[in-house]
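Visitor: Below, each chain spelled out in residue letters.
4 protein chains.
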Amino acid sequence: MNSETKPDAILLASCPDQPGIVAAATNLILEHRGNILDLDQHVDRDANTFLMRIAWQHADASFKEAFSAIADRFNMKREIRDPRKRSRIALFVTRESHCLFDIMARHQSGEWEADIPLIISNREDLRPVVEGFGIPFHVFPITKETKAEQEDQELALLKEHNIDTVVLARYMQILAGSVLEHYKHRMLNIHHSFLPAFPGAKPYHAAYARGVKIIGATCHYVTADLDEGPIIEQDVIRVSHRDDVQDFKRKGKDAEKIVLARGITAHIGHRVIVYGSRTVVF
Amino acid sequence: MNSETKPDAILLASCPDQPGIVAAATNLILEHRGNILDLDQHVDRDANTFLMRIAWQHADASFKEAFSAIADRFNMKREIRDPRKRSRIALFVTRESHCLFDIMARHQSGEWEADIPLIISNREDLRPVVEGFGIPFHVFPITKETKAEQEDQELALLKEHNIDTVVLARYMQILAGSVLEHYKHRMLNIHHSFLPAFPGAKPYHAAYARGVKIIGATCHYVTADLDEGPIIEQDVIRVSHRDDVQDFKRKGKDAEKIVLARGITAHIGHRVIVYGSRTVVF
Amino acid sequence: MNSETKPDAILLASCPDQPGIVAAATNLILEHRGNILDLDQHVDRDANTFLMRIAWQHADASFKEAFSAIADRFNMKREIRDPRKRSRIALFVTRESHCLFDIMARHQSGEWEADIPLIISNREDLRPVVEGFGIPFHVFPITKETKAEQEDQELALLKEHNIDTVVLARYMQILAGSVLEHYKHRMLNIHHSFLPAFPGAKPYHAAYARGVKIIGATCHYVTADLDEGPIIEQDVIRVSHRDDVQDFKRKGKDAEKIVLARGITAHIGHRVIVYGSRTVVF
Amino acid sequence: MNSETKPDAILLASCPDQPGIVAAATNLILEHRGNILDLDQHVDRDANTFLMRIAWQHADASFKEAFSAIADRFNMKREIRDPRKRSRIALFVTRESHCLFDIMARHQSGEWEADIPLIISNREDLRPVVEGFGIPFHVFPITKETKAEQEDQELALLKEHNIDTVVLARYMQILAGSVLEHYKHRMLNIHHSFLPAFPGAKPYHAAYARGVKIIGATCHYVTADLDEGPIIEQDVIRVSHRDDVQDFKRKGKDAEKIVLARGITAHIGHRVIVYGSRTVVF
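Chains as they are written, first to last, in my numbering: chain A, 1 to 282; chain B, 1 to 282; chain C, 1 to 282; chain D, 1 to 282.
A portion of the hints provided could be inaccurate.
To be verified - Cross-link-like lysine to aspartate or glutamate pairs, in silico, DMTMM-like; alpha carbons within 20 Å at most: (1) C/85 - A/46; (2) C/251 - A/181; (3) C/202 - A/181; (4) C/6 - B/46; (5) C/6 - B/235; (6) D/202 - B/46; (7) C/251 - B/243; (8) C/249 - A/46; (9) C/85 - A/44; (10) A/147 - A/181; (11) B/202 - D/46; (12) A/251 - C/65.
Calculated from the structure, these hints are not laboratory results.
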């Protein structure tokens with residue numbers, strides 16, 4: 001896609017279904033001399049919910065305001081994003097480095113239109129790796145007593161750096177306070193099982209104990225209910241009796257990093273709409 | 001999807017890309033009091049081709065004619081289908097029965113909105129199976145000399161039964177004459193490799209000889225160039241050194257029947273648009 | 001594999017691990033002038049369990065007795081099977097026909113060295129399909145009161161027909177009595193989720209409600225704990241927001257029938273060893 | 001696997017099939033007081049070739065010599081490896097960094113028992129990345145005229161560093177001279193298609209032009225015939241009409257790096273036997 005065919009506006013919209021929504025939106029874009037490049041639309045009939053993503057060119061300054069009338073008319077939740085604006089991502093890590101390395105590799109090779117101004121951890125372990133990539137590394141040790149306060153500090157730091165997306169890249173603490181609240185549906189986690197199988201700690205041990213023939217990974221938005229957030233992406237890897245727990249971990253790392261990367265790509269590409277406990281990934 | 005939410009019209013459209021196509025089409029549907037249930041749209045930027053599928057309710061009789069103006073304006077190839085009209089499928093088979101059984105099972109359980117009024121073969125082998133399913137079985141033996149003539153006879157029979165879709169379910173003859181011409185982009189074949197690897201005869205032997213670790217199957221529209229038609233669906237199955245050619249064949253059969261069934265589902269659901277040598281499967 | 005290279009004996013063995021087991025077994029086969037065609041061996045180090053499958057030719061009548069000494073020495077559980085002896089399978093079905101059709105297709109095309117002398121159901125629904133295949137169909141209606149007694153009747157029928165393998169092909173009753181006891185580790189079930197996710201009834205509804213991006217199927221041996229038996233085979237299929245519960249069911253059927261067939265292939269090929277709650281599939 | 005259960009010897013053997021090979025080998029190990037941890041055996045009946053891998057503990061110094069008699073008796077090609085000896089790998093790269101990063105991440109996290117003493121390129125592009133990982137980077141620019149001579153220089157360098165395994169991690173030159181000769185079946189390449197589809201240059205462009213629904217990657221040993229070497233591992237990724245050539249490249253990178261890593265894992269774990277144009281991966 002050369003620059004001439006890149007969109008300069010993306011609409012993500014959801015509302016109760018009724019006739020005329022697509023026509024209303026596309027007409028308004030046309031009136032504002034926009035050129036639609038991609039339109040994806042879906043109706044969840046069980047939930048009677050209309051969902052749509054439109055990417056277009058030549059969006060003008062007055063569109064956003066003009067769209068308010070449509071949004072009001074259809075009782076629509078919507079975001080209008082400028083895809084030329086680079087995402088600002090903060091990573092949270094603990095000790096496992098595979099997702100970190102994978103994200104750094106994509107970042108350095110320019111795969112994403114995103115900046116990663118800082119990386120946060122609850123431990124010092126990955127400092128050499130992070131600093132090798134030239135990214136500031138902030139450590140907030142967490143204890144039961146300091147947890148809420150540290151999370152507030154982290155939030156302050158995230159805000160200071162205008163972070164719009166938080167990625168938990170095998171971060172081994174639960175963020176349940178102010179960060180979670182502020183980054184609702186903007187904080188992605190990778191869980192090392194095909195949820196809802198094996199939630200919680202040590203999923204590979206649990207998978208091994210159950211004798212499964214496939215293991216997996218799940219990228220989801222973080223919510224207050226652990227491992228219950230809306231799923232963005234999942235994938236699996238085949239295992240056999242020859243694989244022990246260590247092999248599950250080794251093979252699973254490949255699924256984790258790929259699934260997390262796909263989740264990030266979808267999120268920062270403004271392709272995900274959350275409704276209820278579900279997602280649409282256009 | 002209960003009957004209240006089933007579409008009664010489906011538009012498949014392709015044309016050179018330009019602004020305003022979505023708005024024009026959706027407006028016309030709205031004016032005719034239609035309710036859009038699904039809209040899928042894609043622009044192939046390399047080919048500068050706009051492609052769209054719309055499924056809607058409450059299509060009225062005058063829509064089709066009214067749409068001609070839009071089609072002319074945008075130089076649009078289009079089909080407007082009534083999805084409540086059952087497809088009429090003819091199968092061609094030879095000796096292998098796995099695709100035949102699979103299709104019969106789906107047919108009998110009502111998975112498809114389709115009738116299968118007849119099955120054609122160049123051999124008698126599968127007569128007991130076909131007649132066990134209560135479907136008329138017609139045998140047209142093929143020799144080099146009789147080939148063209150027999151194909152004409154087959155075409156006459158297909159027309160007589162108002163067949164709209166021909167499915168080659170491991171039919172081991174090349175249809176290159178009048179049937180092919182008449183059923184262009186309406187005749188599906190299943191090839192037992194992940195094309196373009198291993199075209200032609202005995203792909204499992206060739207795959208074994210090459211020592212591949214995956215085998216596959218490809219559902220494509222039949223064209224005059226053998227195994228070169230637009231691909232609708234592909235899938236693969238993992239093999240190992242423990243599998244010999246017979247195992248490739250056995251495992252491959254599962255891929256073949258599933259891939260063919262997915263191709264049929266897409267085609268009779270009016271989800272496939274062919275442009276150039278490619279397909280869009282909405 | 002032509003008949004000259006087919007094995008006439010298969011050993012499935014498990015015992016506490018210690019040095020010398022492979023040498024002892026292979027020496028004995030050699031002494032009895034056997035020719036090993038396949039040997040698969042695995043040690044589960046966590047469980048300190050040695051597991052082995054050997055397939056060989058020219059097994060003589062005296063081998064089995066001679067092997068007892070080795071089995072005693074290593075405290076070995078073992079089965080010695082003659083793979084030329086055809087399996088005798090009974091199917092249990094209820095209303096869903098996709099697994100039934102798939103098994104019938106494989107049966108009729110000779111994919112398995114197996115006979116299917118009868119099919120049992122708790123309902124009449126599938127009688128036409130079953131009788132179309134020329135297989136006796138026995139209906140045992142189940143109520144809470146009659147359940148145990150009916151299961152005893154079923155067991156009597158199974159024994160009468162020398163059934164060695166029971167396959168629950170979407171049988172919607174729980175077999176918890178005499179049949180289960182008699183066919184321990186010889187009764188296979190297909191569950192329509194990737195266990196342990198979504199055990200119990202209506203897994204597709206549950207999967208849809210959770211918003212997963214993959215669905216799956218699990219073939220396992222039936223045990224007294226519902227959906228907790230040792231897993232033989234699993235596979236998954238990708239779904240998207242475009243798929244509703246009906247689509248989950250339709251797509252899932254393909255996974256179910258393929259996974260069940262693979263499980264049956266492994267079981268009747270004498271490739272599965274159960275130990276603890278796990279399987280090795282050689 | 002703790003150190004107590006790690007093997008200290010691995011045998012990779014192939015020979016014409018005949019009775020008694022397993023017994024002969026396992027007996028000898030037993031006589032030398034070895035404890036077999038894993039034994040994998042396979043007979044390729046078409047090629048009448050026996051193939052076996054044994055991993056065991058407590059290998060003594062005299063075993064290797066004693067085994068010569070068995071090898072001679074069965075006309076056996078074999079390698080006996082000490083898995084505690086770390087592999088010494090040299091990478092060749094050009095401009096693409098994704099495989100390099102992925103290998104570095106695995107290397108740094110200790111996933112492999114391997115050293116990577118140097119990285120070679122025909123271009124300067126990746127120097128900053130490589131040196132960021134603290135690994136010496138050697139550039140040998142290649143022209144038609146200097147090709148053979150440069151390859152000799154590279155071979156001298158590889159020998160100097162006692163390199164046993166060469167990995168072409170998207171190296172965009174053909175090694176056809178002295179390096180290839182010296183590292184026969186010890187030089188791995190990653191090709192960015194599911195071979196034999198799309199050999200040669202620009203496979204993603206070719207795949208896009210053909211309209212395939214899956215793309216893939218192939219790890220194989222390098223031979224004099226380009227992209228024709230014995231395949232070690234392959235995998236695929238699903239694509240759709242929404243993906244253009246750039247998307248193919250982006251998605252394909254994930255397949256490439258994972259497939260290459262699996263190939264390396266198999267090779268340095270002494271799990272691959274090449275025979276004819278094929279591999280067994282135990």
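Visitor: Now tell me if each hint is right for this structure.
Guide: Checked hints:
1. The suggested pairing of residue 85 of chain C with residue 46 of chain A is violated, with an alpha-carbon distance near 52 Å, which exceeds 20 Å.
2. Taking the CA atoms of residue 251 of chain C and residue 181 of chain A, the gap is about 37 Å. The hint is violated against a cut of 20 Å.
3. Taking the CA atoms of residue 202 of chain C and residue 181 of chain A, the gap is near 34 Å; set against the 20 Å cutoff, the hint is violated.
4. At roughly 55 Å between alpha-carbon atoms, residue 6 of chain C and residue 46 of chain B are farther apart than 20 Å, so this suggested pair is violated.
5. In summary, the hint linking residue 6 of chain C to residue 235 of chain B is not supported, as the alpha carbons are separated by about 31 Å, beyond the 20 Å threshold.
6. For the hint pairing residue 202 of chain D with residue 46 of chain B, the CA-to-CA distance comes to about 17 Å; that is within 20 Å, so the pair holds.
7. Of the supplied pair hints, the one linking residue 251 of chain C and residue 243 of chain B is violated, its CA atoms being roughly 27 Å apart against a limit of 20 Å.
8. The suggested pairing of residue 249 of chain C with residue 46 of chain A holds, with an alpha-carbon distance near 16 Å, which does not exceed 20 Å.
9. Simply put, residue 85 of chain C and residue 44 of chain A have alpha-carbon atoms about 53 Å apart, too far for the 20 Å limit, and the pair is violated.
10. For a cut-off of 20 Å, the pair hint linking residue 147 of chain A to residue 181 of chain A stands: about 15 Å separates their Cα positions.
11. Using a Cα cut-off of 20 Å, the hinted pair residue 202 of chain B and residue 46 of chain D holds, with the two alpha carbons roughly 17 Å apart.
12. Only pairs whose Cα atoms come within 20 Å are accepted, and residue 251 of chain A paired with residue 65 of chain C is rejected, the gap being roughly 43 Å.
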